[in-house]
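A.B. asks: Below are the chains, spelled out letter by letter.
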Amino acid sequence: MTTDQLVEAPTRRRRGLDVRYLPVLGTLTVVILMVVIGGALYPNFLTPRTMGNLFINNAHLIVLAVGMTFVIITGGIDLSVGAVLALSSIIVATLLQAGWNMWLVLPIAIAAGTLFGLMHGAIIYYFRVQPFIVTLAGMFLARGLCFLIAPLSIPIANKGFDRFVGWRIKFGDFRITTAVGIALIVVLVAFLVLHYTRFGRTVYAIGGSEPSAIMMGLPVTRTKILAYVISGTCAGLGGVLFAMSLKSGYALTGVGMELDAIAAVVIGGTLLTGGAGFVLGSLLGVLVLGLIQTIITFQGTLSSWWTKIVIGALLLIFVVLQRLLSRRRA
Amino acid sequence: MSERYGHDRRVGLGKRITSSNLFWPLVALLALFVANTIASPNFLKITWLDGHLFGSLINLMRSSAPLMLVALGMTLVIATRGIDLSVGAVLAISGAVALSYIAGAPDPASPATVAVAVLIALALSAVLGLLNGLLVAVLGIQPIIATLILMTAGRGIAMLITGGLITTVNSAPYKWLGSGWLLGLPVAGWIAVVVFVVLLLLTRRGALGMLIEAVGINPDAARIAGVWSRLIIWMVYVLSGLFAGMAGILSSADVMAADANNAGMMIEMDAILAVVIGGTALSGGKFSLSGTFVGVLVISTLTLTVTMLGISPLVTPLFKAIIVLIVMLLQSPRARTTFEAWSRRTAFRKKEAVA
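Protein chains in written order, with the working numbering: chain A, 1 to 330; chain B, 1001 to 1355.
These aren't lab readings, by the way, just hints derived from the structure by calculation. All C-beta atoms, glycine included, are put in the ideal place defined by N, C-alpha and C. Just so you know, not all the hints are guaranteed correct.
Cβ pair distances, simulated, as ranges [said to hold, decoys possible]:
1. W103/A to R1223/B: 55 to 61 Å
2. Q299/A to V1034/B: 55 to 61 Å
3. V1354/B to P107/A: 55 to 61 Å
4. S1179/B to I317/A: 39 to 45 Å
5. L25/A to D1107/B: 55 to 61 Å
6. K247/A to M1210/B: 56 to 62 Å
7. A1172/B to L25/A: 57 to 63 Å
8. M1210/B to L324/A: 30 to 36 Å
Please put together the full structure from these sequences, using the hints given.
C.D. replies: Quick look at the structure:
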């Protein structure tokens, strides 16, 4: 299959810039603009420490957005990720407090997310119910389980866990923590899987046109279910990363985080109709959200609710531009 | 074939009841009522006290009113293949605007002030619905993402209006809307019921319901057939915004406070659940307002049941999920065909046995 790409790649390049990259390039421009403007306005903005924190504060969201990208490219949606993240972080906190070994706890927490994803995928496929409502039910289920396990916040005091979390690489002031490292590895793996495997191409094919994918004999069922499994697993891993950054587990974490993830994916240039989008775009989308937050914090006089208004406005601009762009192409 | 029809006519009633969209939601509601009556024998008791009716069911009528309004609007939106995620935010904005106006008015207790406040809040809510409609109907943006924009920005806007504080006021006429009584029943309940009846008449006695369904089943075919698809889509989003605004007034009047952060939190999800429990498919087309009515009662009663059974209300989402999963699976096309095939097989076997 890789030969196809080798043959196809030069022809694409000959035509000049591929239109499919336009939305991602737009997002990249916005990221660069925000960094430049932030750097010009605030003296401490363009420092390695601030940029490092941008990743540290959003490591969990990066992982969620990556998982969401797979689901959205197949034309689906996963509303459960915020609640599954909370559930996973509570599992980590509860089991660690119960004295379990960390290397047993972390896989269990991630597997809980995988299980949720598998359940979503199976119900969506076998009962032909819309992904929206299935994952909405999953969201309520996960949130309810959170409160059932632990109505109160559970602190994590575990030496092995602390050592694992505290590990970091420093480039001067730019720090890469364990969580950021894991998030970047997830991005890399997802990038390779989506663009260089048969599974990845099937994901795009389903999003492009499911009936065509079926007629081509592609494994549609398996791929669709697997997309939800990936998203669930990412949510489980996101919960682990969240527990690492907060050093606690709490049932109310991640309320509305699924919408942040969807917003990041959309800002990153993935079409909600499916069939088009990039993992790296989603990473840029998360950075845009993080930069808005950072700039508003640096600004100081603006209240925190401006973050939401700006994200909404930016979402509006991106969606309308995307729409106009795709209309011209059609 | 003729034999099958004859067979159908004989067991028609039972089958018609079980295959009705309202059957499973009503069973769920009944089960909840039974559970409540067992947990607290006074649950179904209604008494006359201080010139109005009094009892758990009456409280239910009041507490379910905001969700009812939001879910009715949501039903129409979903019928056109859309979804409105912004209702919670619109609800918060509406309450914030109304209370801020009353708080700033020279005479907060006068009915005229309250009337103006309500009108401003409703007009603003309709305008917000209009914006959603613009994005969906004219620009052709997917409903889920179009309304996600207002859902994200809306709470920020509500915070902007209240200045980040929880606005509280004292105004008797406004309070009456949320917790007053009219002819022995809660005012909020009356408003929800009147909206329900009016919508039912408009959609089922007039052509509006058919037009909405036509747009939901196939927007292009509807447009070619002469339906103003765009106008219909626009209208349902305006109605959804308007009803969310009404819900915002009722819920802020109930507690006499506008909390931009928490008012109507997750109400969009509850409303969508209610619509789905009521048998309206998210894929658009056929819709059932009565189904939504029952769906809202199921969700509101469930919340009450959980409290009455002494379970922490925080676990409520778990029970919502279970009910939705069950109703969803029972209503799914796959489950239906399996069930029908099974009943046909047993009928056939019975016939064989007789022969």
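A.B. asks: Evaluate the given range 56 to 62 Å for the C-beta pair formed by K247/A and M1210/B.
C.D. replies: holds, 58 Å
A.B. asks: Taking the Cβ atom of Q299/A and the Cβ atom of V1034/B, is their distance within the range 55 to 61 Å?
C.D. replies: holds, 57 Å
A.B. asks: Determine whether the Cβ-Cβ distance between M1210/B and L324/A falls within the hinted range of 30 to 36 Å.
C.D. replies: holds, 33 Å
A.B. asks: How does the Cβ-Cβ distance of L25/A and D1107/B compare with 55 to 61 Å: does it lie in that range?
C.D. replies: Hint holds: Cβ distance 57 Å, inside 55 to 61 Å.
A.B. asks: A range of 39 to 45 Å was offered for this pair. Does it hold for the Cβ distance of S1179/B and I317/A?
C.D. replies: For I317/A against S1179/B, whose Cβ atoms are near 42 Å apart, the range 39 to 45 Å holds.
A.B. asks: Given a hint of 55 to 61 Å, does the C-beta separation of V1354/B and P107/A actually sit inside it?
C.D. replies: Holds, at about 59 Å.
A.B. asks: Could you see if the CB distance from W103/A to R1223/B stays within 55 to 61 Å?
C.D. replies: Since W103/A and R1223/B have Cβ atoms about 60 Å apart, the given range 55 to 61 Å holds.
A.B. asks: If you check the beta carbons of A1172/B and L25/A, does the distance land in 57 to 63 Å?
C.D. replies: This hint holds: roughly 59 Å between Cβ atoms.
When the structure is compared with the earlier hints, no violation turns up for any of them.
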